[in-house]
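Trainee: Sequence:
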Amino acid sequence: MKRIIISVAIGLILNAFAFAQGHTFNNVNTEYTFDLPEDAWKMVVTPTASSPNVEYVYIDRVEGHLEIRKISIGETEIISDLIKREQEQKLQFLPGFVAGKEERFAGNYKGGVFNFEFVRGGKNMSGRYYFLRANDSTVYILKFDGYREKLISIRNQTDSIARTFKLKDK
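My numbering numbers the first residue of the sequence shown as 1207 and each following residue consecutively.
Simulated from the structure, these hints should not be mistaken for lab results.
Just so you know, these numbers come straight off a predicted model, no measurement behind them.
In this text, a Cβ means the ideal position worked out from N, Cα and C, and glycines have one as well.
Okay, the calculated beta carbon distance ranges per label pair:
id : residue 1 : residue 2 : range
1  : 1209      : 1249      : 37 to 45 angstroms
2  : 1310      : 1234      : 28 to 36 angstroms
3  : 1261      : 1374      : 18 to 26 angstroms
4  : 1258      : 1358      : 25 to 33 angstroms
5  : 1237      : 1281      : 17 to 25 angstroms
6  : 1234      : 1207      : 47 to 55 angstroms
7  : 1254      : 1207      : 53 to 61 angstroms
8  : 1244      : 1280      : 32 to 40 angstroms
9  : 1232      : 1307      : 29 to 37 angstroms
10 : 1299      : 1261      : 14 to 22 angstroms
11 : 1239      : 1327      : 29 to 37 angstroms
12 : 1250      : 1207      : 46 to 54 angstroms
13 : 1309      : 1207      : 50 to 58 angstroms
Using the sequences provided together with the hints, build the complete structure.
Mentor: Structural data, given as structure tokens:
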């Protein structure tokens, strides 16, 4: 009887781990794929042939939001200059914007991460933008934002998504 109970318990635990696993994003209208570590990530903007942009939320938009954009850059432009330009042109105008540190990042592609904080609706928010250089002229920006505490708690997931981001084989 003990063996049956232990077997059932182990089976339930393994089953729970299987359901907690995420899936791989792969869409015919995008040039890239990435792995989602949990099923709590839900697609809210589906890419189309005319708009290859994709967006995901983690449970709710304020808990965690991911937006992916592709930009063209010069062959000699460095990531830190691109981060500064993004900050100067867009981010500095967010209410309560406070620039954070810039970090190097490596997964399938090398690049940088820019962290920052801001205020939305009286709530402390943060952003974590991954700038991934796919080739000499293309950078993908994975823009994560959400409640500051929540984004910190899912940082392992945002890092995982950025690490697994890659272009499809042609």
